[in-house]
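For the record, the sequence lines run as chains A and B.
The opening position of the first sequence corresponds to residue 238 in the working numbering, with each subsequent residue numbered one higher.
The opening position of the second sequence corresponds to residue 238 in the working numbering, with each subsequent residue numbered one higher.
Think of the hints as simulated: they come from the structure by calculation, not from any bench.
Be a bit skeptical, because a hint or two may be false.
The list treats identical chains as interchangeable, and a pair is accepted whether it falls inside one copy or across any two copies.
As the list claims (entries may be wrong) - Straight-line C-alpha distance at most 35 Å; calculated DSBU-like pairs for lysine-lysine:
(1) LYS676 / LYS351
(2) LYS351 / LYS538
(3) LYS538 / LYS342
(4) LYS273 / LYS604
Residues per chain are reported as follows:
Number of protein chains: 2
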Amino acid sequence: MKMNPPLLGFYFGVSLQELGRRLRIGEFTSVELVRKSLEACELINPLVNAFTFVAADMAYEAASMADRELAEGIDRGPLHGIPVAVKDNIFTAQIPTTMGSAHYKGYVPDHDAKCVERLKSAGAVILGKTTTHEFAFGPTGDCAIQGPTLNPWDTSRMAGGSSCGSAVAVACGIVPIAIGTDTGGSVRIPAALTGVIGFKPSIGRISTEGVFPLSETLDHVGILANSAEDIALVLREISPEAKPLDSDICVVPEKFKLGWVSPENFNQTDPLVLDSVFQSAVALSGGNISIVSDISQLAGKFRQAFGLIQKSEAFEIHSERVLYHPELYQEEVLERLLAAQSVKGWEYVQAMHIRQELQQSILNIFKEFELLVMPTVPIRAPKLYQRSLDVGGSNVHVRDALLSLTSPWNLLGLPAISIPCGLVDGLPTGLQLVAAPGKDEFLIAVAAKLVTR
Amino acid sequence: MKMNPPLLGFYFGVSLQELGRRLRIGEFTSVELVRKSLEACELINPLVNAFTFVAADMAYEAASMADRELAEGIDRGPLHGIPVAVKDNIFTAQIPTTMGSAHYKGYVPDHDAKCVERLKSAGAVILGKTTTHEFAFGPTGDCAIQGPTLNPWDTSRMAGGSSCGSAVAVACGIVPIAIGTDTGGSVRIPAALTGVIGFKPSIGRISTEGVFPLSETLDHVGILANSAEDIALVLREISPEAKPLDSDICVVPEKFKLGWVSPENFNQTDPLVLDSVFQSAVALSGGNISIVSDISQLAGKFRQAFGLIQKSEAFEIHSERVLYHPELYQEEVLERLLAAQSVKGWEYVQAMHIRQELQQSILNIFKEFELLVMPTVPIRAPKLYQRSLDVGGSNVHVRDALLSLTSPWNLLGLPAISIPCGLVDGLPTGLQLVAAPGKDEFLIAVAAKLVTR
Chain A
238 MKMNPPLLGF YFGVSLQELG RRLRIGEFTS VELVRKSLEA CELINPLVNA
288 FTFVAADMAY EAASMADREL AEGIDRGPLH GIPVAVKDNI FTAQIPTTMG
338 SAHYKGYVPD HDAKCVERLK SAGAVILGKT TTHEFAFGPT GDCAIQGPTL
388 NPWDTSRMAG GSSCGSAVAV ACGIVPIAIG TDTGGSVRIP AALTGVIGFK
438 PSIGRISTEG VFPLSETLDH VGILANSAED IALVLREISP EAKPLDSDIC
488 VVPEKFKLGW VSPENFNQTD PLVLDSVFQS AVALSGGNIS IVSDISQLAG
538 KFRQAFGLIQ KSEAFEIHSE RVLYHPELYQ EEVLERLLAA QSVKGWEYVQ
588 AMHIRQELQQ SILNIFKEFE LLVMPTVPIR APKLYQRSLD VGGSNVHVRD
638 ALLSLTSPWN LLGLPAISIP CGLVDGLPTG LQLVAAPGKD EFLIAVAAKL
688 VTR
Chain B
238 MKMNPPLLGF YFGVSLQELG RRLRIGEFTS VELVRKSLEA CELINPLVNA
288 FTFVAADMAY EAASMADREL AEGIDRGPLH GIPVAVKDNI FTAQIPTTMG
338 SAHYKGYVPD HDAKCVERLK SAGAVILGKT TTHEFAFGPT GDCAIQGPTL
388 NPWDTSRMAG GSSCGSAVAV ACGIVPIAIG TDTGGSVRIP AALTGVIGFK
438 PSIGRISTEG VFPLSETLDH VGILANSAED IALVLREISP EAKPLDSDIC
488 VVPEKFKLGW VSPENFNQTD PLVLDSVFQS AVALSGGNIS IVSDISQLAG
538 KFRQAFGLIQ KSEAFEIHSE RVLYHPELYQ EEVLERLLAA QSVKGWEYVQ
588 AMHIRQELQQ SILNIFKEFE LLVMPTVPIR APKLYQRSLD VGGSNVHVRD
638 ALLSLTSPWN LLGLPAISIP CGLVDGLPTG LQLVAAPGKD EFLIAVAAKL
688 VTR
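Starting from the given sequences, assemble the full structure and let the hints guide the process.
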């Protein structure tokens, strides 16, 4: 299932394992890897707008250090000397962090987010910061002080968001891996629309400390990469929960049962996307697949609870900014925040109860199925700034459509991964797999099996 | 510090230890203990309205069983054969449970609340159900379908609430111990106003399963008794956390430092109450007492966060009843629920954050002080239905005043106990001690020391 976006840097389709091997036999140095990233960035970024800041000097310095260490026999593991891009709502010491907003124009944190700290300890080289939908509050990736991020497969289209820059940086091969955040699908949606792998772990698995919050109940840090194996390596490095029995946990049984979640109850679905993803799911399962009707019937509850929680928590974070400096927001984000203000306290409490009930229900479903499978996004990448769309004769709101199949797993805190699932009319589609709480490694292992088929 | 309310049953001032000793040497049987309770109830209850239902037949049956067991050498411990009263918002199998509301007129649960289950396993005999302010939503105890509960020290005055009946049942010696609930002070307030001991444990220490919820973040089950030792015995029986090293935990050091919380920032305070409680606190500390100014400065935050959380959670529970059957509520409770509806979701989220900050702050304070001390209630028992009051020339809202010094410890989930602190103009006052999270046994042990002085 190989895809070729038109704009290709050195890292397109290259695995961490391969890079590490070649780095250690001296085929290239970390400094040279950084140079390759910077060259690709210089050529490609003006066409896609994936980076908000390129930290060239600091990256070269870190890469030199990585090279010295390797020469001295200090080896920090699979991320040692590897260029990584970090979404611009994740704090990076001495590197500008804008949240995509005029509110934070010129802001330079004095400390790293926990996940960045861990990346650095693992020897990774922070290449720069990637675009985010303003304050990560939107799945279209075309609304930020730095302007829209463009989809490399068709630059008249959106890349999806809010981790638009991280997805595009990997899709174009500027970096082999990137870090994003995912509150309703913000890693998986742009991964699906740009043809890379996007992973959101179980809630709490990767620390959100030092990430600008959007909605604390729903916020996750996620990973974008070329392969599921790379996701596994990065997860191991940046998650505090070391899994000593990794190899055991990752064993994929010969037979396992997939539960197909019909997307239609969640949103109108592009028939071509539906067919492509369903065929892949059937193939992955070896025929051992059933429809999970229980979940689709709960679609309304998922949507309602997610919306009430996100709105209440997001407005709480922004209340003073909205009051004193509304003019600094992107217009659409301000509108959404103002609408979020009106949710009632009792509705929020009720939504949290519904969340608990759904978490209970899903545990029962996972007694029957090892994994749930569905499209990541029910549509293909819309045009930039497009907000409504005809899907099968129905008018669909773009934002709702993009979030419809990913946000349920933020609400429940389940691990979920989007993997490329072929092109439809020249645009990537994504297949999403969802596992039971804590089954992150198993999920990634199954994804690896599918991608290498 | 002995007090004599005018209406006295057999159990007035009698300890569980004493009852247990006399029961086991055959001075009386459990059946006779039940009879003493029923006789006292028949005489006294018409004057104070403490019971909503007396389960005479079931009590006799349980007492007979307890007597048979003792005769056969089966001894369930300090509650074996002891009559207990249970607040009417706590579910009791086959015994009517009304929540003090027309909404639940005639309702008979088919299962026991977890705490009742534990009482029964410990051999206690459920004598009946005690009055509650409707749905436990009010600290005055004069607003329920069964009418007001009267203060035995002056029946023109309120007993305080919402566990009015449980406090009065113990105060009058109808039962030696009773169970209540405490969301903002509902065990400690009536304990203070009727001259008994009222204890609210650390959050989660006693299960609230099977208790009709008022506000899940703030709800606690509490205990009312004649002595701190009795509180300790009951806590051990109904708390799932067995404390094997009880004796160690309960050792009260010769010297410990008390922190005086000035009540004035929380509410206008009756000077006579203030003086009485402060003198007792100084005596208890042996002079080792300082003023904790940090807490009083936070009074506004405490009040605001408590209010927003309680309102949001309470309305969530009642939203459908308010919509479809508003006419079944007591007028004042309906008014409060309707006002609670308007809190915003983001305000609730903010209040939960403030709660977390306050929980952090208090941990620092407990590094310096072993216990905090203050009045339980800053005023004496107001007249029935009185809603405003002159205190030192200021007009004070009775409900706010009653809750002002107890609700902060529900917000933080800290163990707190109210102990009788002498009469002012013939009405009881209460001294409140508050301990660090989980220090329930230490708190009770210090209270025991004070009471036996």
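Checked hints:
1. LYS676 / LYS351: both (22 Å within a copy, 33 Å between copies)
2. LYS351 / LYS538: both (33 Å within a copy, 30 Å between copies)
3. LYS538 / LYS342: between (38 Å within a copy, 32 Å between copies)
4. LYS273 / LYS604: Answer is neither: 47 Å inside a copy and 55 Å across each miss the 35 Å cutoff.
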